[in-house]
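*Asks:* One letter stands for each residue in the lines below.
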Amino acid sequence: MKKFNGTDKPWDLTSLPTTEVPKGSVPHAPTDDQCFLGSENIPEAPKLQEAVATIKNWFRASSLNVLAFGTGCGAIELRPLSTSRFDMSRFGITGAPTPRQSNVFIISGYLSTKTLKRAIRSYEQMPNPKWVVALGSCTINGGMYWDSYNTIKVLDLYMPVDVYISGCMPRPEALLAGFDYLMTDIKKGEANGWHHYLENLNWYRENQKQVINDWDLPEYSW
Amino acid sequence: MMELLPKIGWTMLSLFVAINYGFIINGVIRKVMARIQGRFGPPLWQPYIDIGKLLFQRNSVSHGIMFWLGPVFRSVGGIGVFLLIPVVVGEPRLAGFSDTGDLLLVLYFMAFGSLGMALGAGEGGHPHSPIGISRGLSQMTAYELPFVLSLIAVVAHAGSFDINAIIASQQGGVLHWNMFANPFAFVAAFIALLGMNMYAPFNIVGAPTEIPVGPATEYQNTYFSLMMIGRAAFAIAKMVLYINLFLGGASSILDAVIKIFVIYFWTVFVGAVFPRFRTEQSVQFFLRWPTAFGVAGVALTFWVR
Amino acid sequence: MFKINDKTQWDDGSGQVIDELKARFGDHPVHFQRDDLARVQIPQKDLLPVLSWLRGDTPFVQLTHMTAIDWMEEGEFELVYLVTAPTLLTSLMICIRVDREKAQAETVFNLWLHAETYEQEINEMFGIDFPGSPRQGVPFILEAWKDIPPMRRDFDTVEYCARTHPERPGREHQDTRKYVGRKFGEKGFLK
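Protein chains in written order, with numbering that gives the first Met the number 0: chain B, 0 to 221; chain R, 0 to 304; chain X, 0 to 190.
In isolation and in its complexed conformation, chain B is listed as follows (with noise of 0.2 Å):
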């Protein structure tokens, strides 16, 4: 098999058109410190409040309710984890339809701007504790969608993400294996992100505000 590399029949590439984007010009560019991208330090408690939280946490971990919301074309990958294949209801895992009886999130793929006010209201309904999980690339860096002008590139701008899934989309496989990480994460208490919305809220808003033009939301959406 000839090997191709590269050289062989070089392009005239500096006539064609090219559309870069300017480096240094990206607003509000997250930085480590502000983003949730991490277990947050909270400060250790006396023995006895510590075995209490381990037995609560141990609790929240095995009895997981998913808001049946699918934000985008990675819920297809949701629907043969409650199927007899790769049965999640084996974890605790089951579905709940209303956000009031939901513990955790699934942003499944790509989040347009007009999802994303719904996501927000549903998030901000669900008590806590709660926790997001992002499912694919689009969360993360844009993914098949970057130059679109309808979706967000940077989820957790907008919400605290605890576990992300990289794939497009990933596997149910994958699936299982990131709540085995949001389960282990719970446990251990560092699955926070909940913690983090609360305490930023202004710089959420901030963020949120600058790509939903018609805010209709009212202060926090109990």
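I should point out that these hints are in silico values taken from the structure, not numbers from a laboratory. Since the model is a prediction, treat every value here as computed from it, not as a measurement. Nothing false has been slipped in among the hints.
Calculated pairs, EDC-like style, for lysine to aspartate or glutamate (alpha carbon to alpha carbon, straight line, at most 16 Å):
no.	chain 1	residue 1	chain 2	residue 2
1	B	Lys187	B	Glu49
2	X	Lys101	X	Asp128
3	B	Lys208	B	Glu218
4	B	Lys116	X	Glu142
5	B	Lys55	B	Glu189
6	B	Lys113	B	Asp215
7	R	Lys6	R	Glu90
8	B	Lys208	X	Glu142
9	B	Lys113	X	Glu142
10	X	Lys101	X	Glu75
11	X	Lys145	B	Asp213
12	X	Lys21	X	Asp45
The hints should help you fit chains R and X onto chain B, whose structure is shown.
*Replies:* Frame of chain B, contents of chains R and X only:
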């Protein structure tokens, strides 16, 4: 007054055992339905984990006093029904307060739970709650008809509204059970049981794919755990009522456990294989053959007498 | 399905339809794109007569799709109506040219009710008006959109995205032509 204290103690103990049995049976049901569908299911103690998680949530949103009273009424209905039914024949310690009320009071408590829940859920402000409530109440009026007809047949056969008297009329062998003495009433009542338990094909009330869990949409955390406890107690209470009315009462605790298991799993197995009826379809269904069976049961009783 | 013997003639009912179209509305050139797809360009004033004749008297009764093409350099929009004959399994593309500055066309809502949705989308994405069609101007996909209609070619998507949606640092942008050229050579991978 002092002689009431041991009675209250034994009643609380039997209630506690019944609620736990309700949870365990719930866990077993999920496991069995999962195995029917060819997968593993959640662990057997999953309902306890759910209740624990609900109690350990950090905040919940309330919509006023009536909203809180909804699950309270539901639990009161469930627990009240259980207290008024003797669990084991001839065992006064497990009889609860069944000597203070008869079958009519039991019927009242059964309806009271659903109506109280309807009032409370309407306060939530969510548009799906009243839709679920209207469906549930219309279905309830439908299945009450064959149920009450079969009760009339049973009461006429026993000659009294008192549940102890109904049990006493069924003693003396298996063939004296109302299941065999009046098979029409038995069939009507057991089809009405499907509507009461709200398993498929009559689970239009809380159909998750249509309206999010119906009346329980806005309920979170502590309210929801209270509802789950009430639901467990109510389920067991209904089963105990049925074994007293049709299966001759339970002669021992083991007997009661086995009979409750058998009746509950009848509804589960039917629910695992049937799709869902719409509201008007289920109402029409209950007004046809089950009502016919109920009328036949009443006719049989009066003809035999 | 059915056979053609040469590219300029369809030897079944759809061929007769095209002949009659040419006889009635002028001898416009017909381009036979596929076995079952042909394209005719007609002047804007003939649009409703042609479409109502097709829907009423011929087997081409179904409006399958309706879309627009932006010919920015020529200063025109092209509206394409894809009508299908379910009994013959052939489709016909009826194209008209509309001025780009005053973009306005007649609505076909009275012939096909579902054209309302297509016209709503074209109005939102291209800015073409269809007076008489309901739901014109009702937001469909975009919410609170303040810029020019985004499917027009003078709307710079990349610049808008860089302005509004921040991105995570560390992602490299590669120009597709350079990347494909480096990997696959002059003709790309379609050798």
